[in-house]
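A.B. asks: Go by the hints and put chain B onto chain A.
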Amino acid sequence: MVREFLFCSLILWQIGFIIGILLKLFYYPSGKKFVPTPVPTRIPAVEVERPKIKPTHVDIEVKKQIHTEKPTLSSIKSDEVIKGKVKTQKRKLRKLTRGL
Amino acid sequence: MAKGLDCGTSFYIAATEDTIKKQRNAFLTVDGEVTQVKRMLKRQGIPFVEKASKVHIVGQHAFNYAQIFSTAELKRPMKSGLLNPTERDSLPVLNAIIGELLGDAKENETCVYCVPAKPIDADREVLYHEDVLRTIIEQYGYDAKKIEEPVALGYEGLVDTQLTGVSISMGAGMCNIAVMYQGMTSLSFSVSRGGDWVDDNVSMDTGVSKAKVTYIKESSNMLDLTKGVYQDIYEEGTDEANVLIAIRSYYGALINYLLTNLKVQFEGVENVPNFPEPVPIVIGGGTALVKGFLDVFNEQFDQGEFPIPISEIILIEDAHVAVARGCLSEAQLIEEDEED
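Residue numbers (my numbering), protein chains in the order written: chain A, 1 to 100; chain B, 101 to 440.
Please keep in mind that the hints were generated in silico from the structure rather than gathered at the bench.
Note that CB positions come from ideal geometry on N, CA and C, so glycine has one too.
A hint or two may mislead.
[To be verified] If the Cβ cut is set under 7 angstroms, some of the chain A residues that face chain B in the computed set are:
(1) LYS32
(2) GLN65
(3) THR68
(4) PRO71
(5) THR72
(6) GLU80
(7) THR88
(8) LYS92
(9) LEU96
Only chain A is shown next, with the shape it has when bound in the complex (with noise of 0.2 angstroms):
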């Protein structure tokens, strides 16, 4: 068993050899270059300045949440109070603004 592993080891080592001085002899390199793969450079962005163009104003209806407080309590009177017939322009008026 021990003789025919060296016998085999031998004949391999043997084959090894034989190869190894075919190569020295007979292959040169075919002389092409290796040319690597052009690969794509990034340009970088350039910022480009924007014409300025000034924003005119928007107005925008808000809806306004105003918060007043009532009294607790309250026991005003009017300091001056006015009975009878108040004279007004609303005839001369309605003409003037309404043509009615």
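C.D. replies: Positioned in the frame of chain A, the structure of chain B alone reads:
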């Protein structure tokens, strides 16, 4: 029922077709234990407002109290025609005043309230003031509409000239001016000087408290700014005469300031109408109530310098409530429009 509300620095005035109600826009905070103070005020029939454990006497009573006790600080919910930014308790007081003057609305009632025109000598907008007033009025159920104060005055005083002319509302906090042509407002602005400015300066120059100056101005039988009359008083050399002389002096300065600014504003505005015919100046407001006011106004007015030909200078009838009446007319017309 339509209602008009003049929201002035010194007085709030409400007008309906059969009633006018006035409320002095001032209050005084009473120190002491709340329950006890309330009991005392109720017993004496003094109107008050309670909010956040503070009791405030409101209106004429507060004003009278401040005359008697010089240490009592009279507070004002409004200053220079707008809400007083330094007075934290003003909103509940205003709320109570408006509530008392207007009452709760019945169905679809319109309330037209006046707002000042934009001031030219103060860095303040009127928008917040407008919004607060509208919110309070709407809380009582009204359909609230605003109108510029001098326009409301024009609606009362310029109807006989086809709403063409100059209307000047002279209030305590500010003076409002509108130049109107055929019902259109071609120029309107306000200046932050009015009756209070006169009182402040008179008080500083004479050493009399501001509250007392206001009291003399509003109630003194001696107060007559007509030239001959005031000269007679001056010869008497009394303390009150000094106050009266100072009042006349500052009235002159106020009117001069007003007319000069009107001229500058008129000349600086594009598209102002040409007035081929002379137009009237109509004046209203509490500050114009003092006897002899027109005499001082005419003294300061110079047609040669004034950019508009003026036919006459008129103090409107019942000048104190004229703005409220103008607001009422507009409210009534709005209601009629809606009914149609």
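A.B. asks: Going through the numbered hints above, which ones does this structure break? Give me the numbers in ascending order.
C.D. replies: 1, 2
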